[in-house]
Structures are given as structure tokens and as C-alpha cells.
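If you read the protein sequences in the order shown, they are chains Z and D.
Each residue of the first sequence is one higher than the last, beginning at 1 in our numbering.
Each residue of the second sequence is one higher than the last, beginning at 264 in our numbering.
It is worth saying that the hints were derived from the structure and are not from the lab.
Hints are not guaranteed to be accurate.
[To be verified] Quick list of in silico lysine to any residue cross-link-like pairs, SDA-like style, CA-CA up to 20 Å:
#: 1; chain 1: Z; residue 1: K154; chain 2: D; residue 2: R523
#: 2; chain 1: Z; residue 1: K227; chain 2: D; residue 2: T467
#: 3; chain 1: D; residue 1: K658; chain 2: Z; residue 2: A245
#: 4; chain 1: Z; residue 1: K253; chain 2: Z; residue 2: F240
#: 5; chain 1: Z; residue 1: K227; chain 2: D; residue 2: G462
#: 6; chain 1: D; residue 1: K658; chain 2: Z; residue 2: L260
#: 7; chain 1: Z; residue 1: K227; chain 2: D; residue 2: M476
#: 8; chain 1: D; residue 1: K531; chain 2: Z; residue 2: T161
#: 9; chain 1: D; residue 1: K302; chain 2: D; residue 2: I475
#: 10; chain 1: D; residue 1: K494; chain 2: D; residue 2: E456
#: 11; chain 1: D; residue 1: K598; chain 2: Z; residue 2: A262
#: 12; chain 1: D; residue 1: K494; chain 2: D; residue 2: E541
#: 13; chain 1: Z; residue 1: K51; chain 2: Z; residue 2: E80
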Amino acid sequence: MNLIVCVKQVPDTTDVKIDPATNTLVRQGVAAVLNPFDAYAVEEAVRIKEKHGGKVTALTMGPPQAVQVLRDAIAVGADEGILLSDRAFAGADTLATSNTLAQAIRKIGAFDLILCGKQAVDGDTAQVGPGIAALLDIPQIIFVRAIRELSADKIIAERMTEDGFDVVESTLPCLISVVKGINEPRLPSLRGVMTSKKAVIPTWTVQETGADPERIGLKGSPTYVHKIFTPPARTGGRKFEGETAQVVEAFVKAAAEDKLFAP
Amino acid sequence: MASIQVIGDKCIGCKKCVKVCPFGAIEMQGKLAVIDLSKCTLCGACVEPCPVEAIVLDRGDRPAGAADDSRGVWVFAEQRGGEIQSVVFELLGAGRRLAAARGCELAAVLIGSGVEERAGLLFRRGADKVYLADHPGLRDYRDEPYARLLTRMIREYKPEIVLTGATSIGRSLVPRAAVQVPTGLTADCTGLEIDPSSGLLLQTRPAFGGNIMATIKCEHHRPQMATVRHKVMEEAPEDPNRPAGELVRVSVTEADLASRTNVLETVKEIEETVNIVEADVIVAGGRGLKGPEHFAMLGELAKALGGAVGASRAAVDAGWVPYSHQVGQTGKTVKPKIYFACGISGAIQHLVGMSSSDIIVAVNKNPDAPIFNVATYGLVGDLFEIVPELTRRFKETLRR
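Working from the sequences, and respecting the hints, build out all of it.
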């Protein structure tokens, strides 16, 4: 089974601090990591390979240093990685990103299943997965929390909804996006780390990807940022300390005065 | 090719661009801002804040897209099991405002099986027109037929703006449809305005986990499409006397229904999943709960207040509560009227999921816990004493 996992390098939010003076994110020196949701997609792909055989190809678009997330994927069992990197890819919105990744997947050739994380934690759009599926004209199952069955030409998966889940069947090839909870990603083995360090990872430019210059990067992006601003800081309010009875009494009184639970 | 540069003669070294760059790509070299092109994504966030117009972003030759005769504001009237979802009424509320600003009509798109009678409700909630695709084969939400029909309607009737709820269905359907059209799509908006000068839709959304807000434009493509976060926009009220508008029946052929996916079963997890995104009151617990057995205590307080139980990532990862309850960056983003954070220290990954709640009540024994920095009311003390006491008190006072 040929599996393709789309991954993204994002700022490590466990590393992010808020500057108390300006209430803005301190981004200088923040490490870049594999998008947390993508780790579940990589793990799921590797588990499928271990059970059904086949090959896992990790694919990312980003600056040259994004190659690291491909090495992360190889360290836990992906077979190879492809980096899409070119200044002309920069400034891409979700449409241009979908176009770029879909074109790279066409170039890779035969595949049975494409896996993505639910969304990237920097942009939080969750739009690129369905975008790729639409461009490749393949079915999609978005927000998958479990794969129930997988065979050579069919997948049955649980798709998360607001109040439970749907059991969805799809033909292959298909694209799925996965949520946290689908698995517990493994830690890389020492051998995996060694393999990933030695792996030769090709970089595809616009030319090698075969992408239409009109449909990538800033030029291929219908949407763009008009402005960015920081929401007003939320500040602490009243604090009640002392014996439990006093604390509760003070809060209940304040809640009544402020009509917190007014009908 | 697109490019960005700082005009050295103009830059006054004010550092405003350094602060707004979401990617940490701008550094000061002496009095001059320098953009590190290996980090810059050409997002353009630095252009507008520069007081002296020293940053120039050349977008290349923009495609002369279809910003043409498109007219009208549409909302996708999501239904499940034939019931119009409440987010649709919020979309109609926002849509009405936008339609008024553009001087155009407001329409709803209703796709389903046996849902024609629901059109009346959409008219009473403010729709001037309803586009209806009604067919037994459209009973379950399936990506391909729904996206195909929505795409076709958009191409045929050419709306200027299309709004959809940022629900699990909306976030699966519209990214597919928008690519097929093709046009731009902005995810999970919390603010929608019409720019008075250009008439463009200004789509504001949280990015980087809500720590910054970005306003997005879609200038050259139509329609301008957005998914909209639930419980942010004001609902359009129902007016029982509002007359029905025009019902436009959209034909559905067998080819339209072709689908490579099928819904085998729809499972509601009533016991396990309380929809915390919809709840007005959330009582959430974290590591301080010390074990799964104590979540029942939070459930009691939630019950007394008519709310739902939430949890921090620590509590979910420890296996105390199912993932569907998780609030925060890798869980859900919630905006209830009142959020109780019990035994939650307030890591940034949690704060981004709940800090836009109207009121935050924190219960924590550590008076220096960061959660108190965002709490409207901070209760310092032992949650195992405070929470049951709160439950008892509110059961008394709220018994009406």
C-alpha cells in the first residue's frame, strides 16, 4: 500500500511566551517542530504499513529548514521524504498550498491513501486536506478518530462530529485527516534517528514539482492578510482568598451582585 | 515573482514591523529593519503597520479574477437529521448585516432530503431567497454530492459572499467546494465587516491559537468565502410575520449524487460527549483533580448550573476524561458565558482555547497560578472543598 503523509513545520507553541509588556508573542528563538496533529498522521501511516506492507512517503512544503520534519517522520518509520522548497512557493494561502501539494502528489504517482493531520496549529484552518482531495478528485474523510477496516480498495473510518461520530466507508484512493486520539505516536528509536540523519531527501523546486506558476505562492493565492493585530489583553479581576467558607461566600455574593446567573 | 523589501531610506527604525511579524522574520540591524527571507512567508502583516510605508510587498501580477457581476450574500443552511443547526441563524444574522451594507439580497442554500418545509424557517429568520436541493439521496451529509451541488449553484448564481458554519460538516464541505470553484476561503472567522471604501469583505480570524488576530481579504476572486465560528455572531431573530421569499429549486440528477463515500452509521455519544462548544456554562478540570473519580464532582456543579464538563489536556492525556471534553490548542475552542477552571494552572495551550469566554472563574490552590491572570473571579483554595460547596450554594440559589 502506497501511503503519503502531508506534514508541516510549525513554531513550537510549548516554547511560546507572551511578552507581558506588549501582550504579543515572543517569537524570536522559538524552535520549529512537526505540527502535533501531523505526528498522529505519520504514526497512523507507519502502523498501516506495518500491518499491510507498502511504503510511507512524507511530503512537506516550506523553507529549506523544514526538511527537519521529514527527518522526524523518517525517524519513526516513514520510508522517504520530499521537500517542496522554492521562494516562488512562499506566501501561499490554503488554495495555493493545496495546489502545490496536489501537484507534487501527482508527480509522486501511484498512491492508495493520503494522510494529513486535522489542522496545523499555527494557521488552524484545516482546509488544505480537503483542498488536496478536491484537486486530485478523490474522496475524503475529514477528522478521523479511528480506522475500523482497511483493505486494498476500501477504508471504513470513524469521522468525529459535534455529538459523536459517523462511520464512513470510502473507496481507495482516498484522503483522510486525523485527530488526536487516533493513536499514541511512538518515540523514535536510536536506529530510526540514525536512519533519518543519513536519509537523502530530495528538494523539489517549482520546476521539479511541475507546478503551474500561476497557481502557487502569493500569485496563486486569492486570500491575503490585510492586517494583523493583537487582541486586547485580558487582565485578572477579583481574587478571593482565605478559609473555604469565606472564599465561597465572597464569590457567591459577587456572582449575585454581578447577576452572573441571571435568567 | 512576488517579493518583499524594506526601503532603507524610508525606514525610521520604529520596530513596529518586528512586533507584528508572526514568523519572527524581521530583525533590526542598527536603525534598519531587515527581513530574513528564509523565514518570511510573504504574509504581508508588516506592510500596513509601517508608519512610513517603507515595506513594499510586490504581489506579482495578480490574476484578474472574477470580481465581476457577483451579487448577493449566501449562507449554507446546514441541517442534520432535517434540523437546521443553530449556527445557521447566526450566519443569517451576520449575513443580513453584510447584505444591508452591500445593498443586496440574503439567500440560504438548503441541501437535504425532505427538507423543503424548513425553508419557511429560513425565510422567517431573514432569508430573502432559498436555494433548495431536495432529494432522498441527499439525506446523509456526504462530501462529494454536497460539494458538487454547492459548487454548481455558486457558479450558476454567482453570489458575492458565501458563509458557512465552522462545524465538522462545514469544515469538510466548503474547503472542497472553494477549491472546485475556485476561490479563496478564510477559516473560522470571528469578525465579518464590509470595508466601506472598497466594498470588500473583511474577514477577521484568530491565528496562532488566538494570540493574534488577522484580517483577511479576497480581492480578485468571487465569491468571498468564509467559515464562521459558532456562538460569536448575533442570531437573526425569528419573525413569525415575515413573508416567505422566493424558493429556487435546484435540480438533482443521479450524476450529482455519485459518491465514493457512504455513511454506514451515525453514532451519538450522549453519555460521553457533551457538546462543550454549545454550552453556556463549562466546568473544566485539570491536573489538580488528581484522578478520574473526581470529575463526577465537576459534573455535579455543571449540572447545578446547567452546563457541561470540560478538561485540560493534562486530564485527557492521563486518561481521566475522553478527548471530546478537551479544551485548548489540541482540543476545542470554546466561548461560553461562564468558564470554571478548576485545578487548571493556565498553560498557554489551554488559555488559547477558552480565554474568549465572557467570564472566567478560576479555582486553584496556588495563588500564583497563571490562570488567575485571566480570571474574572479567582478563588484561591482547595478545590475539593470549594467545588462541592459551590454546588450546594448554587443548587439553593438557582432553584427557581
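So, going through the hints one by one against the coordinates:
| no. | hint | in the structure |
| --- | --- | --- |
| 1 | Z:K154 / D:R523 | 10 Å, holds |
| 2 | Z:K227 / D:T467 | 9 Å, holds |
| 3 | D:K658 / Z:A245 | 16 Å, holds |
| 4 | Z:K253 / Z:F240 | 11 Å, holds |
| 5 | Z:K227 / D:G462 | 17 Å, holds |
| 6 | D:K658 / Z:L260 | 14 Å, holds |
| 7 | Z:K227 / D:M476 | 8 Å, holds |
| 8 | D:K531 / Z:T161 | 9 Å, holds |
| 9 | D:K302 / D:I475 | 18 Å, holds |
| 10 | D:K494 / D:E456 | 17 Å, holds |
| 11 | D:K598 / Z:A262 | 18 Å, holds |
| 12 | D:K494 / D:E541 | 7 Å, holds |
| 13 | Z:K51 / Z:E80 | 18 Å, holds |
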